[in-house]
Each structure stands twice: as C-alpha cells, then as structure tokens.
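Undergrad: Spelled out from the first residue to the last, the chains are:
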Amino acid sequence: MFQTFFWAFVVGGLICVVGQIMFDVFKLTPGHTLSSLVVAGAILDGFGLYEPLIDFAGAGATIPITSFGNSLVHGALQEAEKHGIIGVLTGMFEVTSSGISAAIIFGFIGALLFKPKG
Amino acid sequence: MLEGQSTWIFENKPVIISTATVGGPFEANGNISDDFDILHEDLWLEQESYEKAHKVLFEEAFTKAIEKANLTKEQIQFILAGDLINQITPSSFAARTVGSPYLGLFGACSTSMEGLAIGAYITNYGGADYILTGAASHNAAVEKQFRYPTEYGGQKPPTAQWTVTGAGAAIIGKIGNGPQVTSATIGRVVDMGLSDPFNMGGAMAPAAVDTIMAHLRDRHINPSYYDLIVTGDLGQIGHEVSIDLMKEKGLNINETNYQDCGLMIYRKDQPVLAGASGAGCSATVVYGHLLNRMKQGEFKKILVVATGALLSPLSFQQKESIPCIAHAVSIEYGGE
Amino acid sequence: MTKKNKKLTTEQQKYQKLQKKRETKRPVITNCIKAFLVGGFICTIGQALQLFYIYNFNFTQKTAGNPTTATVIFFAMLLTGFGVYDRLGQYAGAGSAVPVTGFGNAVISACIEHRSEGFVYGVGSNMFKLAGSVVLFGTFSAFVVALIRTLVMKWGGF
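Chains as they are written, first to last, in numbering that gives the first Met the number 0: chain W, 0 to 117; chain Y, 0 to 335; chain Z, 0 to 157.
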C-alpha cells in the first residue's frame, strides 16, 4: 500500500517539476506548458508507454494533465478497434469527459456561489 | 514657452491648489497610508464589479479634490484624466459624474504626469481657470484585463509588479497658494525590444532615462538642480537599471536624491515582488505623500518622471515588444 | 530567444545585456522543489481518493480515474472560490498548475471572474480563456496520434 502512495507522490511530483522547468528555464506561459504536456501524454500513449506508467504510479500518472492526452487517445483507439478509422473521431470523448465536464459544471456552480477575492 | 526640443517652461507658474488621493486595502496597509485622504478595506467599494469600483475611486478623488479647493464642480474648466482599463471607461464615467468638459488621456502609467503637463500648459496660457487632472488604477480590474483572472493560480516571477488600487487627483489653478508647476518635458516612445510583460520595470527604464536627459538638456541644468528626481513605477529592477544606464551615458545622478514611487508606497514585507505599478501609483504617491513632504519644507524642487508601458494584452500575444514612454514635470514650492 | 537578436539594433542589444544583470533571477531550484512537493501531495490525495472509490463504490482500477478527477476538481472549485488557489499557485507554480486541479482552477477562476459580465457572455464566452488551449491541443494531438497508430496497425497487418 505504502509503495502505491510513494510512487504516486514521486511520479506526480516529477511531472510537475518538468512543468516548472518549462515555466522557469524555458520561460513558457502556463498555456503553452500545459498544452505541451497534454500533447506529450497523447504521444506517450501512442507508443503504448502511458498505461504502464499508470499501472506503476497510479494517481501520480492520472492526476497530472498529461493523462488527458492519454485518455483521449485511449478512447479513440478503443473505438477504432471496433469501428475502424471513423472510431478515431467518435471515440475520443467517451473516455475522458469527466475532467472537462467536471470543470464546466463546477465552473458554473462556482460562478453562482463565489465572488472573486482579488 | 518651448525650451529646447520638447520642454515647456511655465512662466506663469500654475499652482496645484488642492489634491486628493484614494487607496485600497493594500495601500491602507502600506508605507504611506497616512498621506491618503480616503482608504478602502476591500476592492469592491460596494460595487458589483471591479471596473465599477475603479470608477468610484476616481469619483471620490475628484470630489474630494474639488471640496478641498473650496470650489464647485461648475468652476472646473476641464478634466484631464486617464487609466489603464479598455477605452479608459473609469475615467470617462467619473468625468460624467463631475460634468465638466473632459479630455481623456492614455499614457498607461505615465498618465498622471501627462495630465499635469497638459493641464499646466493650458492654465499657464489662460486657457482655463481651474483644471482637474488625475490618474487611477485598480489591481483586480487590471489583472483581469491584462493578465489572468484574479483567482487563477498562476505564478508571478520576482520581476513582476503589483498594480496599485488607487486614484490621485489634483486641481491646477492660475493663482493660489501651493506647489507650482514650473516646467514639463513630453517623452517620446522608446522601445528596447523587451517583451516580457512580467518585467515592465526593465522595459520602461530607458524611456525614463531618455526623458530625464532631454529635460536636463533642454533646461541646461544638472540633476543637482532638483532636491528629488522620482520615477513613477520602475520598481526594483527598473530603478537599478536606470541608474546603470544613466552612469553609462555619463549622467552624474545622486542616488540618494533619485527614487521611485513604486518603491515608496508599500512596505518591505508586503508581497509585491518588484514593487508597485499602475497609473494610480505615481498619482497617489505624488499628489499625496510627496506634495505633503514639499509643503513641510523637505523638498523645494522635485522632478516627477512618470513612466508607462504602452502594451496591450493583444500586442504581447502578437509577439510585439513593449514600447514605453515617460513624461516629466517639475514642481517647486517655497522659494528659489 | 536568439532569433530575436537579429531584429534588434546594437543599442537595443546593449541595453538588454545591461538589463539582464539587474533582472532578478528566478529561483529555479527552490521552485522545482516546491512544485515537486505540492504536485506530489496532490497526486497522493488523488491516489487515496482512487482507492476509496475502488473499495467503496465498485469502481475498478481502470474506471476509478473518472470520479477521482471529478472529486479533485470539486476541491479545486472550493479552493478557487475561497481565494486560496491563487496563493497556492504563487507558492507552488507548476505543482498546482499541472495536476488536473490546475485545469479546474483555470476554468473555474475564469467563470467566477467574468460573472460580472453576465452568465451568457461573461461566464459562457470566457470560461475557456485559459484552459481552452489544453482542450484544443489535447483533442487534436490525440486525433493525430490515434489516426497514425490505427493506420500503422492496419497496414502493418497487426
């Protein structure tokens, strides 16, 4: 059990360090950095490397934004297996919508409940 | 009268007959809170949006300045004001409240001195009995427009500056008791190719130096003519770079008498990174704190060099660099 | 950054060198350590949530990611709404921006901020101001990657 938590902490932390280096050394904006990380996640899953990372590090790989890219590719590939090429288009949002839907819903609720604090 | 390339000498010495400064919570906790006329505990000022609160800052400063001068709104000939918000709406809406003829200005954070310079010019030549001029900024409204939503967890680098929530207003008159505006130098746009919106001090320093040197050259004087030369909001980095730059250009500046409003308004332990900025920075520090010190006899002659970064959120995204400008106005009080 | 130098005049280049000396350097190592600790911590919380969902709600290792993500974004909403997330962000940098909570914060902070312009044009049009690029590039790159892989597998006869 401890091992699971340990690797979640370390791998998640390391992915964040990559992001921090992109901020501070390469002077990229958060938008550029996060977009790059998402694309990286997608490419890694294309090579079949992200799923083993999830098995190894659990939430350390599913919580960082890179997992968005991974989920999107996964959904597309799953559908492609069933329906061929067209599945690539239809399958993408089947697997990943929880993050985006949650952000939209809680964003709206947040706007109802909160005022910015400045 | 035009002196040299870009300096006006005001022979009739228009007088700053009253001023008013309004600040927000950070300023209330800051270094010079006693010099503010009105201070607010939050950024909302009981309004529904930051932009509306921004307008209220101006309205309060304008009303207070008029009150302190024992004038009525109807006696003000012209309002010269500006801010950082799109289409300078806070200034325009506040001018609507006062009701006098209005000239909106945009000089980014150099607006305060742009207004004082033009206002003094008009008054000097009898174009007005009384002119109301001012500049303001609101931290959250500016962050929302130029950078990120205020609750966004973005990390600002140590070169970033904190926008002042405040408004400073002054009434210039042909005659009266008070500090006199004796000259002004209008700056030109200077761009050294820097493009980091989180390091505006570094971008603005060359403009400040350019205007200071033009002023001294036009008036045939040395920096020691002034008891204090103060820039608007260069911040820690801009201030130090400007000193380096002046030394490199052979200008002998006395560092004790060369200061920056952005470094005066907050305390060292406030989380403001490289210092304060915003159109309200130079306006509130000059029209409150510095003029108070002049009236107490600490300075007889000061040169205020307000600096502005003329970028927009769009220009940065289009990979443009940051052009900057600085306007200088000299103020004298209490003898030659 | 070097391609810019070609367009700069000598005077500009000279000034930029001068300016660089005074420009406060970013504390990269300290920032990385803080990002590591906070990011790692957020992922650990996520791990705990995941196990919670697996044991108590019949989710499997594969499917527990979904409710975990949603829960973690819910917490991001609370932290954003109470004005805590921006302080955390200044401290942790990428440590709070990279986890999916950062995505949530980007959307939610934009919603809260633009409520003053109404729900349709304020909240609705501006909510993806910061996070839209992540959705765009994530979707598009996934499309390309999946397409290439599918084609390769098809024609490779796997």
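Bear in mind the hints are in silico, worked out from the structure with no lab data behind them. Treat the hints with care, as some may be off.
Unchecked claim - Calculated pairs, DSSO-like style, for lysine-lysine (alpha carbon to alpha carbon, straight line, at most 27 Å): (1) Y:K318 <-> Z:K16; (2) Y:K155 <-> Z:K24; (3) Y:K318 <-> Z:K128; (4) Y:K248 <-> Z:K128; (5) W:K116 <-> Y:K267; (6) W:K26 <-> Z:K153; (7) Y:K300 <-> Y:K248; (8) Y:K318 <-> Z:K61; (9) W:K26 <-> Z:K61; (10) Z:K16 <-> Y:K246.
Unchecked claim - With beta-carbon atoms standing in for the labels, derived distance ranges: (11) Z:K16 <-> Y:N253: 42 to 52 Å; (12) Y:E2 <-> Z:V119: 54 to 64 Å; (13) Z:I28 <-> Y:S194: 47 to 57 Å.
Glycine residues also receive a C-beta, built at the ideal position from the N, C-alpha and C atoms.
Undergrad: Hint by hint, note whether the structure agrees.
TA: Quick rundown of the hints versus the structure:
1. Y:K318 <-> Z:K16: Within the cut-off at roughly 20 Å; holds.
2. Y:K155 <-> Z:K24: At roughly 12 Å apart (the allowed maximum being 27 Å), Z:K24 and Y:K155 satisfy the hint.
3. Y:K318 <-> Z:K128: Answer holds: Y:K318 to Z:K128 is near 19 Å, not above 27 Å.
4. Y:K248 <-> Z:K128: violated, 44 Å
5. W:K116 <-> Y:K267: Holds, at about 23 Å.
6. W:K26 <-> Z:K153: Violated, at roughly 41 Å.
7. Y:K300 <-> Y:K248: Within the cut-off at roughly 24 Å; holds.
8. Y:K318 <-> Z:K61: Violated - the C-alpha atoms of Z:K61 and Y:K318 are around 43 Å apart, more than 27 Å.
9. W:K26 <-> Z:K61: This hinted pair is violated, its Cα atoms lying about 36 Å apart.
10. Z:K16 <-> Y:K246: With a Cα-Cα distance of about 15 Å, the restraint between Z:K16 and Y:K246 holds, given a limit of 27 Å.
11. Z:K16 <-> Y:N253: 42 to 52 Å: At 26 Å between Cβs, range violated.
12. Y:E2 <-> Z:V119: 54 to 64 Å: holds, 56 Å
13. Z:I28 <-> Y:S194: 47 to 57 Å: Distance hint for Z:I28, Y:S194 is violated at roughly 26 Å.
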